[in-house]
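**Student:** So you can see what is in the structure, the chains are spelled out below.
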Amino acid sequence: MRDWMKAAGIRSSEITDRALFERRRTLIRASLATGVGGLIGGASLPVRAKALSMPVGESRWTTEEELTSMDTATSYNNFYELGTDKADPQRNADALVTDPWSVTVEGACNRPGTFTLEDILAPHAIEERVYRLRCVEAWSMVIPWNGFALADLLKRFEPTGNAKYVAFETVVQDGMPGIRRPVLDWPYREGLRMDEAMHPLAFMAIGIYGDEMPNQNGAPLRLVLPWKYGYKSIKSIVKIRFQEDRPETSWNLSAPNEYGFYSNVNPDVSHPRWSQAKERRLAGEAGGLAALFRSKIETRFMNGYADDVASLYDGMDLAKFH
Amino acid sequence: MAGVTGETRVTGEASGPPRAGTVPARAAMLKRVLVAPLDAFVRSRALKPAVFLLALTPLLSLVHLLLTGGLGANPIEELTHRTGELGLRFLLLGLLVTPLRFAIGRTWPVKLRRMLGLFAFLYVLLHVTVWSVLDQQLDLAAMWADLIERPYILAGFVGFAILVPLAATSTQRIARRMKRRWFALHRLVYIAAAAAVVHFAWLAKGDRVEPYVYLGILMALLLARFARLLKSA
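In order, the protein sequences belong to chains A and B. Just so we're aligned, residue 0 is where the first sequence starts under numbering that gives the first Met the number 0, counting upward by one. Just so we're aligned, residue 0 is where the second sequence starts under numbering that gives the first Met the number 0, counting upward by one.
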């Protein structure tokens, strides 16, 4: 077992028995195939009942807080390539073409290559994790994601000792309305330190609420890094690169004094233009008058995942390295 | 386009009605059917009530959206944004009055300026109320902290603060009593508009285009206003 796998806390016992995950894979595929219909009028679906068709991930990472409705999660998005209004990504969802899809893996690893989506997903058992996602704009959601640990994906490519960081890139397609203007420097890029990427909390999601990932949420595959601001959870990934230098990240390029590399959720480190002490939780009943009078909630250090990930940043000045 | 008869005559010189089908005939018909009624309308007493209703429509639309869940997943944010943008738009419409008046050589726009200004104040007041009551939940400590720590909120507050005395002194009676001081006070509206645009530009994330559109419009209006001043100097 490699050193970095040990460091990431991956136990050989966690690697699933092949026969078991083949069975799970068939079950998941079947449930995902019938799940598309759930996207229409999703708010009234018994979300929990649907999710039980697949194994649930380690319970310590699945929160019991009130879920965001699927309707909200798929109609209120930041995906600037599809438009800068919150309603645009759903409205322009068809501008994103997800079939065919390939992911190029390159850089400091022993098994680089360009892989079809099927090759990328094939060996992984899908599980559900209910994560909080906190946007830097001070709103948050609670979403049941379907996918697998990012570490399980990355270790397939055997990153070498030179891989200190891993960089990710989002697709750019001609039909996307948002790329005509350099709202951000396209393609959208993000990156993680290697130990962050290999941490069991880092999740590669391919679906939500037991359904295939909707385009506006970053189909067909995207990261979910629940202890960081939402923009780190890069969508619609087409490139993964292991590298020695810290990767460029789009929001940092756009405003370096506002968006750092680590972007860990921290109520004590304000955004220069607004406070990060509180957030508006978009959960439960979305519309109607009741939503107007709900209070903001206190933002938690590392979005409440400090017990799991704070050790990654021991000794770091979190105000400086935000 | 030449008339059926192939004649073209310069309008205004003829005696008697223009010959049918000629350019002057078409112009006269347009004037009769479109321009004259519009002209009568803007000079009538129906102008102000009509504009009043038009200006109220966005508010009614917002209430409707609010009650039917049409404001989306984050209604407070949406409500804050839309009332703010409406306030800014009415401010700019008010600043459009004088340049428009000189451009068309008519005085009817001036009749609308006070109403446009008061609607701007209404929407800005709603904007500030939504922010302080629904978003900040009247947490005065948090609001004060935001005011002194976030420049964009300070800019917004400056804009709002200026509009308050302007709205309070908007009646004819007060204007008559204040005379020259009234004009000096109301010139502050330019600062209010600039503060509003800066407020919007500073809160936008990424390279958003809308704040700069408003900035462009404001600059064009200020230029139009002060170009006249420079010309007459």
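The set of hints was computed from the structure by calculation and includes no laboratory data. Just so it is clear, the structure is predicted and the values come from calculations on it, not from any experiment. Some hints here could point you the wrong way.
As the list claims (entries may be wrong) - When the alpha-carbon atoms are kept at most 30 Å apart in a straight line, the in silico DSSO-like pairs for lysine-lysine are as follows:
1) B:K30 <-> B:K110
2) A:K238 <-> A:K85
3) A:K319 <-> B:K204
4) A:K295 <-> B:K204
5) B:K110 <-> B:K204
6) B:K230 <-> A:K85
7) B:K204 <-> A:K238
8) B:K30 <-> A:K277
Claimed, not checked - Restraint ranges, calculated between C-beta atoms of paired labels, are given here:
9) B:F51 <-> A:R179: 34 to 42 Å
10) B:D138 <-> A:M315: 51 to 59 Å
11) A:L288 <-> B:A35: 55 to 63 Å
12) A:R179 <-> B:L53: 28 to 36 Å
13) A:K319 <-> B:A200: 21 to 29 Å
All C-beta atoms, glycine included, are put in the ideal place defined by N, C-alpha and C.
**Student:** Each hint: holds or not?
**Tutor:** Each hint, compared with the structure:
1. Our distance criterion of 30 Å between C-alpha atoms is met by K30 (chain B) and K110 (chain B), whose separation comes to about 23 Å.
2. Of the supplied pair hints, the one linking K238 (chain A) and K85 (chain A) holds, its CA atoms being roughly 26 Å apart against a limit of 30 Å.
3. In summary, the hint linking K319 (chain A) to K204 (chain B) is supported, as the alpha carbons are separated by about 21 Å, within the 30 Å threshold.
4. The straight-line distance between the Cα atoms of K295 (chain A) and K204 (chain B) is roughly 21 Å, inside the 30 Å bound, and the hint therefore holds.
5. For the given pair, K110 (chain B) sits about 38 Å from K204 (chain B) by alpha-carbon distance, which is inconsistent with the 30 Å threshold.
6. As the CA atoms of K230 (chain B) and K85 (chain A) are separated by approximately 46 Å, the hinted pair breaks the 30 Å bound.
7. Annotation: proposed proximity of K204 (chain B) to K238 (chain A) holds, straight-line Cα distance about 26 Å (limit 30 Å).
8. With a C-alpha separation of about 61 Å, the suggested pair K30 (chain B) and K277 (chain A) falls outside the 30 Å cut-off, and the hint is violated.
9. In this structure the hint that F51 (chain B) and R179 (chain A) lie 34 to 42 Å apart at CB holds, the actual value being about 40 Å.
10. Under the hint 51 to 59 Å, the C-beta atoms of D138 (chain B) and M315 (chain A), about 31 Å apart, miss the expected range.
11. For the hinted restraint 55 to 63 Å between L288 (chain A) and A35 (chain B), the CB-CB distance of approximately 48 Å leaves it violated.
12. Evaluation of the 28 to 36 Å hint for R179 (chain A) and L53 (chain B) yields a pass: the beta carbon distance comes to about 33 Å.
13. Checking the proposed 21 to 29 Å range against K319 (chain A) and A200 (chain B) shows it holds: the Cβ atoms sit about 28 Å from each other.
Checked against the numbered hints given earlier, this structure breaks hints 5, 6, 8, 10, 11; the rest are met.
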